[in-house]
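**Student:** Chain S is fixed; fit chains Z and W onto it per the hints.
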Amino acid sequence: MVSLPLLLQEAHAAYEPILPAWILLLPLIGAAVNGIGAFMWRGNKSIPSLVGPLAVIGAFVIVVLNFVAMLTAAPHDPAIVSMWTWMAAGSLSVGVDLQFDQLSILMCLVVTGVSSVIHVYSVGYMGEDPGYSRYFAYLNLFVFFMLVLVLGANFPITFVGWEGVGLCSYLLIGFWYENQDFASAGKKAFVVNRIGDFGFLIGMFLIFVHFGTLSYTQVFAAAPATLAYGGAVVTVITLFLFLGCTGKSAQIPLYVWLPDAMAGPTPVSALIHAATMVTAGVYLVARTSVLFAMSPVSQAVVAAVGAGTALFAATIATQQYDIKKVLAYSTVSQLGYMFLAVGVGAYTAGVFHLMTHAFFKALLFLGSGAVIHAMHHAYHEVHSHEDPNDMRNQGGLRRYMPITFTTMWVGTLAISGIIPFAGFFSKDEIIWYTGAYGYGILWGVALLTAMLTAGYMTRLMVMTFYGENRTGENAKSHLREVPAVMWIPLAILAVLSVIGGWVNIPDALPVLPGVHAFHDWLHPIFAPARGILESHGLNEAHASPIGGGEAMWAGISTVAAAVVILLTFRALIHRTWKPAAESVDPTGLAGVLYNKWYVDELYDRMVILPLLALWRGCWRIVDAGLIDGSINGLASSTRAVGWIGSLFQTGRVSTYMFYFVTGVLVILATFLF
Amino acid sequence: MNLDIENAALILSAFLFAVGTAGVLVRRNAIIVFMCVELMLNAVNLTLVVFSRSLGLEAQVLVFFVMAVAAAEAAVGLAIIIAIFRHYEGVDVDRFNLLRW
Amino acid sequence: MSFFESHWVLTVLLLLPLAGGVACLFAGEEDAKHVALGTSVVAWLVSLPLFWTFQQGTAALQNFVSIPWIGQWGIGYTVGIDGISLLMVMLTTFIMPMAILGSYSYIKRQQQSYYGMLLILMSAMIGVFIALDMFLFFLFWELMLIPMYFLIGVWGGERRIYAAIKFFLFTAVGSLLMLVAIVTLVYLYFRQFGVLTFAYNDLVQLPITRSLQFWLFAAFALAFAIKVPLFPFHTWLPDAHVEAPTAGSVILAGVLLKMGTYGFLRFAMPFFSYAATSDLVVNTIIVLSLIGITYGAWVAAVQPDAKKLVAYTSVAHLGFVMLGLFALTSESVQGGILQMVNHGISTGALFLLIGMLYERRHTRMIEDFGGIAKVMPFFAFAFVVVALSSIGLPGTNGFVGEFLILIGTFKTHPVAATIAATGVIFAAAYMLPMVQRILYGPVDSDENRGLKDLSLRERIVLLPALVMIIVIGVYPGPFLARTAPSVNALLEQIEVRAVQAPVEPLDADVRFDHMLILGLHGD
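Residue numbers (our numbering), protein chains in the order written: chain S, -4 to 668; chain Z, 826 to 926; chain W, -14 to 508.
Next up, chain S with everything else stripped away, as it sits in the complex (with noise of 0.2 angstroms):
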């Protein structure tokens, strides 16, 4: 057994950040100077090739450092750093201040480690675009918000990263903006994301109310005695910033922004919509674990919905024929896997599963990148305007892409949860745990959706690489393997997907030996959290809710995936697809799945049509109509009692002598009598 603060016992040093200030700093001048060359030096690639990738290489190196000197002094307490102070008015104080831990450390390594990969990867991927330079402005403006939402030591910084995510996500779902589609998918980001906003935005204002405080370290440390455990103000609270975190992670009932997000350009729904933005989330019921502990109600709001997600995205991506879009709603479910472990208390196993699912669905999405690059540039050869996304156009891409489809394949192993791959260790942890924490619906749920997971993977590469290729004789001749700026950040991710799930081995499985450094590492940050719910009654039975060990549950699930996945193959192996021109949309129960459960219609429906039906009645009826009609009303009935006046000026000498005569004889009346 190692376990990782043995090792390290002798060090003692005080740890302090090395250049804090720089991991932020880097990628805002990378994003500014990008930003500026978009307007400078359009035409000149090579600058934003090296400062784009660089700037964020940069920033993952002081990560590193800085990991590396945790490491090494293992500090108990979070360091803090403090820049200015940002708002202070009142008994309010917030200072932009940063918080060094073990879990922002380890956020900062996963983004920082998979965006400099997807970084060098945009350089082959987005090579030809005309948008070169704002892409790599965007890209490293995200990763620097990014960083400010984990780093972030109190509520309203982590807000700052929470919507300036959304911002470049926004910015780059649209970024073919003159395609209106993607435009409008963008903006559907913006405003979901938005109502999740909302939700942080009050949980913060209650716990102000309640703690006068909105920094991180002084609202855990006062909460268990400030709050009553299972109180209202708590649960309302953290289900208040749990619809935020619906909206940001794309669960239900806010999921429907994330598949629509597939517009943007490839990497950049691997590195925001699957590896990094969208977990932050479950990065912050991680990081609030202690108000969530405190509520069983919202521990259990959470699970279930993180389980219900999972199932429900699942189902969908059975019937899809975009590649992205099968693997977006995969990214859904597997997030709802992330909240049911947070939400039945297992967050170590949350975010372990949040930094294999990085892993490897950054490297299934860069190879759906590559797959489409490769198709993009067959149909742009032969002027062909197919849809280089849809599996129905692809087929035998094996025989062409020999590299990607080997990645690929370790990819989907990984995320199916086959042994020894990265996926099979964190989401047998969550499985585990759901069962053993006594939550045995969502146990069923859980291991359902890990058998449903192998089933669309599978679906995904036997339609895209096996079989006949269906992308069009003249195009074919053109299909190739990407270049290697492009591979390579395939390999190294596929070697992360899997030796990543190396760092957390559990006893219970014969022969591997048991390995906690992840467990040890999050220790200190979800110790109070854990407390909380242990001494309220959280158990571990150890046996699954109908029986059996943990060792043996591992091996019952991954032997399903497996099953699944070689029934998969082999009912779909021979199977012929049209492509996709000359297909027709699948009916019935398929139809419904591949029409996502007609989701998107009933909002629209129920909710948008309605409200904007209101919002023009408010300006027509209300507006124009009440107040400005009883305005105007004023005004003309105003004018009538004028005009009925201006009726005795006729203008005649006779009429006006007859009024001065009828004026003096009146008087002359009341004077006389």
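Keep in mind that the hints were calculated from the coordinates and are not lab data.
Any given hint might turn out to be false.
What the hints assert, rightly or not - Result set (BS3-like, lysine-lysine): computed pairs, CA atoms no more than 30 angstroms apart in a straight line:
1) W:Lys396 <-> S:Lys40
2) S:Lys40 <-> W:Lys437
3) W:Lys359 <-> S:Lys320
4) S:Lys471 <-> S:Lys573
Unchecked claim - Chain Z stretches covered by chain S per the calculated footprint, using a threshold of three residues with CB under 8 angstroms from any CB of chain S:
5) 842 to 850
6) 912 to 923
All figures in this text were calculated on a predicted structure; none of them were measured in a lab.
C-beta: ideal position from N, C-alpha, C; glycine also.
**Tutor:** Using the frame of chain S, we list chains Z and W on its own:
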């Protein structure tokens, strides 16, 4: 009733004033209307003269003022009437409502 | 005492634009704009050091002077600033050069009078913010109307006459009642203390019976609420904005609307503390603000006219400000003041941007555009930054203001703050569709294809706004530090005086007057 000279003059001036007023009200010809206005002015003059006998000479000063104003008015008024006559070939006041906004 | 610590800096700020305005009237047709720009830039430079010479940490009025003017009536030239008016004055001098430089190519006829009007308006606006004599204040308050009326009525769009008259009538109705209330105040003060005075510092000490406070507050509030504009007095605003020339809209949104909120803060609330803190008034205004926030956003979301859309967003934004002021917490009031500045900068910039489009295409209809980002990249950049500031993205100025308002309001009125916070959703729902329909999509008309990106002059116009959007968003400390003492003192004063407000005046004469004013006198 004791009809001394003062009362007689006052009755005459009231009569003249009434005639003038009636003329202004009922006649249409601008010249006649105009003359009726003069009649009213002179009726007032007569009243002033009558009262000057008992109240002092200041009233007679006022009479001269009225005569001067009447003369000026006659000049301007006749000029307007002539202009209107030339333009519209008639001086029937009921045909004109030029002052109506 | 140096120039910047004496009243002279304020007097110069007041007279300089007036002199420049007169100079414009006599300048040549083509020179007027340069005169105006020069004057406004000099005024801005004069006001700039104030920000640093202003003493922090005290709520005392600074640069204060009181010179008798119409002595027998107790009217004086009384001016001075505190942290609140400091920001407002700086906002005015900041916006004006942008507005003037932004009009350079837009205004082609009667330039002398146009720029003359702008500068006279500037003088009047500064006057409103620095005046501490009710007569002087009312003078400037009414003086603002005249140039604005002409700006809309002469250089406006097709329905300019309708809009100008509507603007004039709405504002005039309110201010007339305010005049009555001012005179009443002075009269009451005279009856109680035997001194005729219009000075703010005197009148603010006047004890007024609780019942009378409501009536006088209502008279002030109507004038200010129309200016803000608070729902349902807002309908003049969209018309005025749509018809006004660009600079008119910029000034209208940037400064004029703040007169209303400033008036509440400076006059209506301290004068009538009891009424202003009573449940009736607070709840009424908060409800109206909430309606403004949501309703303004909803109506904005369905506008086909870009300028009208932005006009309605002002209703929503000013709703936030009003909410902050009447939540009566230090955070929310400071947020409200900062939001006044923010709204001036962002909405002013938005109107400038739409004006630049209008100059090129002579249409404001959103549907006439599309794909502008392709042909005007710098315009697109600026538009997106300003739009994001308007919807309150963290890191821009809009967020700081809204956050402080909401968190402060949440302390006293959590439900109201929650409803107001939905405004962040609606903000995205009205602003982003406009951004999309104007900037994104294919360039599908030939007129749009030939559009030229912003000229150097136009970039210079926008640059200060873009810089301030980020500066205030990232480092609002200096601004908050200057308003904090004034706001805290004000809130304290309101609180104390609200409790002290007499139920019935002791003095029989004064009591009779109060009854008289209320129309309660029997026999």
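**Student:** Which of the listed hints are not met by the structure?
**Tutor:** 1
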